[in-house]
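*Asks:* What follows is the residue order along each chain.
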Amino acid sequence: MQDDAVLKITNLNTYFQTPDGNVSAVCDVDIEIKKGEIVGLIGETGCGKSVLGESVLKVLPYNAIANGSILFENSELMGYQQKQMRQIRGRKIAVIPQNPSEALNPLIKNKKQIYEAIDHNDKVKGTEKKKQALRLLQKMHFKEPEKVLDSYPHRLSGGMKQRILAAMGLCGNPSLLIADEPTKGLDAIVRSQVIETLMLFKENTGTAMMLITHDLNFAIKVCDRIAVMYAGELIEVGSSDEIFNNPLHPYLMGLFLAQPENGLIPIEGASPSLINLPPGCRFHDRCEKASEKCERFHPEMKKTTLTHEVRCWNL
Amino acid sequence: MKKGVRALALLVIVAVLVTGFTGCTGAKAKDKASATEQTLVVGAAKDFKNGSEPKTLIFDSLTDSLEDMSSGPRLVTEWEKNADFTEYTLKLKEGVTFSNGEKFNAQVAKFNIEYWPVYRDCGYIKKLKSIEVIDDKNLKVSFNESYGNFIDELSKIWVTLPNAVDAKGNITDWTGTGPYVLKDYQADMSATLIRNETYWRTDKMPGITKIDYKVITDENSRVMAVKSGDVDVIGLTEHYTVMPFADVPDLQANKDLQVSICEDYGTITTYSLNWAKGVCMDQNVRKAIALGIDRDMLCSTVLYGVAEPTSRFVLPTYKFSQQEEGLKYDLTKAKAALEASGYKDGDGDGYVEKDGQKLSLKMVVSDTQVNRSVGVFLQDALKKIGIAVDLQVFDATTTKTMLKAGDFDLSTSHPWTGTVVSYLYWRGNLNTYDDYGIGYGVNDEMNTLTETVSVTGDDKVREEAFNKIWDIQNDFVAGVPLYFSQRIFVAQSNIEGLKFCPNTAEVDLSEVVIK
Amino acid sequence: MRKYKVKTKKQQKNLIWIWSGLLLILLILIVFSPYIFPDSNTINYELQLQKPSFQHWFGTDEFGRDLFSRVFNGMRTSLMYSLIIEAIALTIGLAIGLLSGYLGGKVDGFFNYIMNVFQAFPTTIAAIALIAVLGTGDLTLIIVLSVMGWVAYARIVRSETLIFKERDFVLGARAAGGSSAYILGKHIFPNVLLPVLPLATLMIGHGIMAIASLSFLGFGVQPPNAEIGLMLKDSATFISRAPWLLVGPGIVLAMVVALINALGDAIRDKMDPQKQMMEI
Amino acid sequence: MKKIIINRVLMILPTVITIAFLAFSIMYFSPGNPAEILMRYRNPEGGTDPAALAHYEEMLGINDPFLTQFENWGAGILTGDFGESFKTGNPVTEEFFYRIGYTLMLSFTGLAFSLVIGITLGFLSAEFKDSWLDNLLRFTQSLKMSIPSFWLALFFIYIFSTQLRWFSAFGYNSPKDLILPGLVLGLSNSSRMVRLVRTCILEEKGSGYVYTARVKGLSEIQIFFKHILKNITLPIITLTGVSLVSMIGGSLIIENIFGLPGIGTYLVSAIVAKDYPVSMGFLFAYGVIIVFINLFIDIVYQFVDPRVRDCANAEI
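Chains as they are written, first to last, in the numbering used here: chain A, 7 to 321; chain B, 6 to 520; chain C, 108 to 387; chain D, 617 to 932.
Worth flagging that the hints you see were computed from the coordinates, not collected in a lab. All residues carry an ideal CB built from backbone N, CA and C; glycine is no exception. Each hint should be verified, as a subset may be incorrect.
[As the list claims (entries may be wrong)] Straight line, CA to CA, 20 angstroms or less: simulated PhoX-like cross-link-like pairs of lysine-lysine:
#, chain 1, residue 1, chain 2, residue 2
1, D, LYS821, A, LYS89
2, A, LYS136, A, LYS153
3, A, LYS14, A, LYS40
4, B, LYS340, B, LYS324
5, B, LYS86, B, LYS132
6, B, LYS96, B, LYS134
7, D, LYS842, A, LYS135
8, D, LYS846, D, LYS821
9, B, LYS349, B, LYS363
10, B, LYS142, B, LYS108
11, D, LYS846, A, LYS117
12, D, LYS846, A, LYS118
13, B, LYS96, B, LYS142
14, B, LYS173, B, LYS54
15, B, LYS86, B, LYS96
16, A, LYS118, D, LYS842
17, A, LYS129, D, LYS842
18, D, LYS842, A, LYS89
19, A, LYS227, A, LYS190
20, D, LYS842, A, LYS131
21, B, LYS173, B, LYS282
22, A, LYS136, D, LYS842
23, A, LYS153, A, LYS118
24, A, LYS115, D, LYS846
25, A, LYS153, A, LYS115
26, A, LYS117, D, LYS842
27, D, LYS842, A, LYS115
28, A, LYS117, A, LYS153
29, B, LYS388, B, LYS363
30, A, LYS208, A, LYS227
31, B, LYS96, B, LYS115
32, B, LYS108, B, LYS96
33, B, LYS367, B, LYS282
34, B, LYS86, B, LYS142
35, B, LYS359, B, LYS388
36, C, LYS377, C, LYS120
[To be verified] Estimated spans, in silico, between C-beta atoms of each pair:
#, chain 1, residue 1, chain 2, residue 2, range
37, D, THR684, B, THR177, 26 to 36 angstroms
38, D, ASN789, C, LEU301, 49 to 59 angstroms
39, A, GLY132, D, GLY822, 26 to 36 angstroms
40, A, GLN88, C, LYS117, 31 to 41 angstroms
Using the sequences and the hints given, assemble the complete structure.
*Replies:* What follows is the structure, encoded as structure tokens:
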């Protein structure tokens with residue numbers, strides 16, 4: 007069982023120190039990603055799902071503090087120094103950052119940015135490096151890789167930038183890919199390109215993936231398993247089928263109702279401030295089924311099936 | 006923790022870079038010249054060609070001023086005069102050449118005697134009849150009327166080549182017979198002089214081989230420059246005090262420096278009262294001002310005991326100086342003078358008024374530390390007798406413009422310097438405004454007396470005339486003498502032989518050596 | 108992982124209170140200095156150039172005047188003049204910025220070009236040149252610095268006007284037939300005034316420094332009035348004998364200007380919450 | 617690209633003409649008769665002779681109408697003739713070129729100091745954000761911003777020249793003499809640089825591409841030198857330009873205190889001495905230098921940022 011898991015997060019807490027007090031962005035999260043598995047992490051903006059990814063990579067802002075356990079390929083990352091982490095980043099764990107239009111340095115040519123990634127994995131000399139870069143771009147289905155290498159990022163479309171970022175991720179030998187909001191703000195056509203990109207990536211590496219997104223339909227289409235996050239904690243975890251066919255948590259149900267094809271019915275209210283969290287269920291003041299118990303006591307994760315877990319008193 | 010170490014490392018690198026940079030350039034600084042080559046760096050207040058002192062390093066005067074303000078030989082070695090002072094025979098020094106090789110002879114002397122007096126306030130030009138060249142070395146000068154002051158005034162004639170001047174009294178070719186030769190000149194900035202190795206006065210051959218003349222216009226910078234050793238001496242090429250008095254005690258305490266204060270030759274700082282316009286037309290007001298200033302207090306406080314109080318117009322060392330001090334500090338008399346003119350403090354604000362008009366003086370001075378401080382002192386002092394002072398400090402040019410326009414009641418003025426007779430010719434006759442305020446030509450008698458003192462060869466007559474002049478000035482109060490401002494040299498302590506000359510303009514470096 | 112001490116909101120607020128309190132105390136001392144220190148101009152030669160002591164915190168100057176009280180008297184002059192200057196400059200800047208931004212086209216082009224010309228001259232030098240024309244004096248100082256100061260305001264007002272001009276409420280008012288004067292006065296003016304506030308605060312500090320510089324060069328305030336630049340100018344003479352003459356005025360000047368600037372920064376942060384967000 | 621630059625250059629022409637006009641009118645309207653002033657300088661020991669005055673008036677053409685005089689002066693500028701200094705009689709251009717070197721040396725020394733100080737401290741401040749170091753640095757910056765440069769100059773002279781005797785207090789003898797004034801100038805202009813560098817680095821550190829670089833496995837040092845430095849160049853260049861302008865303007869007071877023979881001190885003394893040709897010429901030169909620095913920054917901008925460069929190309 008253990009050998010199967012690429013990443014095993016237990017009891018992860020991440021919080022930010024701010025002038026207003028501590029903001030707990032990730033709260034007691036347990037999650038596991040197996041080899042070759044695609045796990046979706048779903049939630050609305052600000053629920054802490056990106057912070058979870060950053061916690062794994064230890065690229066949190068300076069005022070953040072994380073504790074808990076992050077086992078990656080059976081090594082505990084929590085105790086790693088930044089220097090050791092750099093051996094993991096880009097080599098073992100690849101990332102496709104969110105917002106591709108800003109994720110490339112606008113003042114540096116694409117090739118240099120790709121070379122950096124190559125350099126990080128193994129030192130190769132000039133022409134070889136270029137060949138490797140071209141190969142990577144071809145793998146990512148670029149039609150004119152030479153031209154792409156020689157231009158600046160602003161000449162490329164959003165989808166192309168994302169593929170470049172993916173190409174950078176490819177140059178190591180990653181066993182985990184974290185894709186952060188790959189479909190944010192994209193139209194339908196580009197979105198299908200992204201799915202293509204991710205699939206290409208998987209074809210090329212056979213890696214496990216953590217897909218961080220707020221796009222429910224996309225996640226269900228792509229992922230094997232889905233974890234739903236709300237206000238810093240996981241509220242429901244299950245296989246894609248279970249999540250799609252049998253959503254249990256009122257929040258997840260609300261999310262489905264909010265999808266366009268279901269009539270765009272929004273969930274009332276807003277998620278609570280992460281500074282002064284309510285003592286009870288974090289969703290209770292938006293929940294139609296909320297009882298007094300929900301208001302006063304914090305629910306724990308409950309297994310409903312072998313793979314399906316949910317955090318709600320009403321089950 | 007690691008970050009801390011990195012930060013420290015970065016700081017160290019920066020520090021090393023900065024110190025390395027300064028170290029490198031520091032090493033480039035050249036060593037001082039060897040013992041045989043002695044360079045004196047002079048910090049000066051004015052452009053080299055602009056002041057009257059620097060030129061004495063390049064040119065020689067016809068006669069020398071001696072300590073009792075009488076005359077001694079120089080380029081003119083001997084002179085004879087007839088009984089009624091209408092004819093002089095001058096004998097010139099032989100074998101003197103200009104630094105470019107041209108000879109100094111009677112023709113050159115004649116030109117200089119004719120050309121320069123206008124620009125040097127020499128009265129003899131008005132009486133001059135003719136100059137006859139007897140031979141190469143002898144001249145005969147004739148006057149229309151007797152003129153007794155001629156030989157003294159020749160000490161102000163600095164001999165240039167005849168073709169080295171323009172029509173306006175400017176020297177175009179700075180070639181002289183003097184101890185130094187001008188090598189390089191930057192207007193308003195610097196000049197370089199080297200020793201004239203063929204200087205004719207072998208006994209006066211200076212030891213300093215090169216002079217770096219640096220213009221430092223700001224008084225504080227000048228003091229800083231001598232303190233930090235950038236210049237060897239300040240105050241050398243000016244006939245007035247070039248440093249704030251406040252600095253003198255501090256400079257005296259500085260072991261690296263020596264401060265020489267001249268006891269005998271200096272100037273008397275005199276303030277001008279606008280007697281032709283405004284409130285100071287009233288003689289009683291002028292008297293009150295002169296009486297109301299506590300000069301002892303002034304000197305011991307804002308002048309730091311360096312300057313000596315006085316109410317005379319010229320130095321007591323001068324043969325014909327007034328016998329006693331003039332108007333001395335006396336508060337009651339001052340107040341009485343004001344009252345005599347009808348000034349009274351009616352509204353109890355501490356200031357006197359007449360016809361509802363507050364007595365207020367507009368005091369205009371140029372912007373130096375001493376002027377500002379004395380200004381504040383006077384403001385405070387005159388307040389005690391009920392006179393308000395509106396102190397206005399301007400840059401030198403604006404001040405001159407305002408004074409020339411008569412737009413002031415009280416201002417700094419030009420002291421009675423040079424030979425006193427020349428001064429009388431210049432400002433003693435003047436009854437209008439010039440760059441230094443208003444002249445002392447308060448009545449026609451001043452003209453007659455000026456005439457008398459310059460013409461006569463009889464000391465008795467001269468003394469009588471001078472006494473009358475002092476009486477007039479003390480009574481009329483066209484100006485208020487305040488303090489005796491000594492000449493002060495501040496030099497590095499390794500410089501020896503600096504000396505003051507009776508001729509205030511002259512710079513004599515003949516005995517100076519750098520140890 | 109390294110632990111940083113982050114100041115809590117409360118601590119930050121406390122700090123702001125301390126600063127404001129300090130500024131307030133200084134301002135009270137400055138504004139009421141003629142009443143708090145009535146004899147700052149009283150001469151007492153017996154106390155000439157005294158070292159800082161319990162009686163005279165900053166020492167005394169060459170006239171035996173207490174430097175501490177003179178510094179505040181001097182700051183009063185500087186602050187008053189600076190306020191007048193900034194008020195005039197702000198008025199001119201507002202008028203020109205509003206017109207330029209609102210009318211656009213040739214008017215805008217013209218004013219823009221004037222502003223470019225004005226910015227081509229360094230303030231101190233242009234001020235000295237103008238003072239040469241108008242004559243040295245306190246009034247001239249105010250005029251000259253106002254004339255040089257409006258450009259900064261005009262630029263920011265202009266760009267803000269351009270933004271607000273396209274806002275719905277302005278477009279609406281225009282569609283409803285409001286006159287240009289009405290729209291400018293009622294809708295745009297109140298809105299551009301707010302962003303100008305932090306700049307105006309900062310410029311008060313600048314004004315004090317500019318006055319001090321000019322006085323130091325001898326083109327500003329006249330003695331015996333106390334003014335910081337003038338006092339520092341005098342202190343240059345006494346720098347080795349009485350270095351405290353340099354220290355006292357320097358400390359108070361730096362404190363006042365720094366606190367005013369901090370106030371300006373605080374106002375800006377308050378109005379630009381985005382910056383605060385960024386800091387999180 | 618070329619076209620754009622040419623365009624920019626052409627656009628500053630009217631500005632330059634206006635600067636000339638202003639420089640001329642300031643001196644034209646200042647009180648005093650130039651002929652009289654010139655005469656006093658040329659003939660310091662003579663009186664005021666009406667005939668001579670008339671001669672000088674004729675020579676200067678001061679009885680001509682304003683515009684004619686301006687035209688004459690302007691025509692002179694075009695041929696590089698700014699007239700002769702009343703005081704020294706030297707051509708204004710000669711005086712200018714002799715002195716501009718000192719001002720530029722001083723300004724660039726100051727600039728170098730301000731860049732070194734600004735980038736180092738800014739980097740430290742950002743790297744250790746909210747630590748005691750950052751707080752200390754920020755506090756000193758805001759204090760430094762509130763201290764007039766002449767205060768700093770006097771203080772440094774007191775410490776380094778009169779007490780320690782490390783540097784000379786006055787004049788220019790060797791490049792070493794530029795260190796102290798340069799440091800003062802640099803320090804008093806570095807506050808903005810430190811602030812800018814700090815904010816920019818922090819901003820860049822939060823940006824997407826830095827995140828990308830981080831997750832690529834680059835070290836913070838690599839990220840700073842390979843990515844951030846390049847991206848903060850642009851604002852630094854802009855501020856450098858602004859600083860250079862303010863240093864050239866602000867150098868006058870420093871030149872004055874340290875006795876450097878730069879154009880600032882000379883212009884002020886010329887204004888004071890009513891040396892009209894020098895005042896007009898130098899004022900004009902100041903304006904033009906500043907306009908050109910701004911132009912230069914504009915053009916450099918085009919080269920550094922490929923986005924701007926592309927837009928520029930597209931416009932052609």
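*Asks:* Would you check the hint for LYS129/A and LYS842/D, treating anything up to 20 angstroms between C-alpha atoms as holding?
*Replies:* The hint holds at about 17 angstroms.
*Asks:* Next pair to validate is LYS846/D with LYS118/A; report whether the Cα-Cα distance is within 20 angstroms.
*Replies:* 13 angstroms, holds
*Asks:* Using the beta carbons of GLY132/A and GLY822/D, state whether their distance is inside 26 to 36 angstroms or not.
*Replies:* 33 angstroms, holds
*Asks:* For the pair supplied as a hint, LYS842/D and LYS115/A, confirm whether the alpha-carbon distance does not exceed 20 angstroms.
*Replies:* 12 angstroms, holds
*Asks:* Between the alpha carbons of LYS14/A and LYS40/A, is the straight-line distance 20 angstroms or under?
*Replies:* 9 angstroms, holds
*Asks:* Checking one constraint from the list: CA of LYS842/D to CA of LYS89/A, max 20 angstroms. Satisfied?
*Replies:* 18 angstroms, holds
*Asks:* Given the hinted pair LYS846/D and LYS821/D, is their alpha-carbon gap at most 20 angstroms?
*Replies:* Cα-Cα ~13 angstroms, so holds.
*Asks:* Taking only the CA atoms, is the gap from LYS846/D to LYS117/A under or equal to 20 angstroms?
*Replies:* Roughly 16 angstroms between the alpha carbons, so the hint for LYS846/D and LYS117/A holds.
*Asks:* Under the criterion that the straight-line Cα-Cα distance not exceed 20 angstroms, is the pair LYS821/D, LYS89/A satisfied?
*Replies:* 18 angstroms, holds
*Asks:* For the pair we were handed, LYS115/A and LYS846/D, check the Cα-Cα distance against 20 angstroms.
*Replies:* 12 angstroms, holds
*Asks:* Does LYS96/B lie within 20 angstroms of LYS108/B when you go C-alpha to C-alpha?
*Replies:* 15 angstroms, holds
*Asks:* Please work out if LYS842/D and LYS135/A have their alpha carbons no farther apart than 20 angstroms.
*Replies:* 18 angstroms, holds
Taken one by one, the earlier hints fail for this structure at numbers 4 and 21, listed in ascending order.
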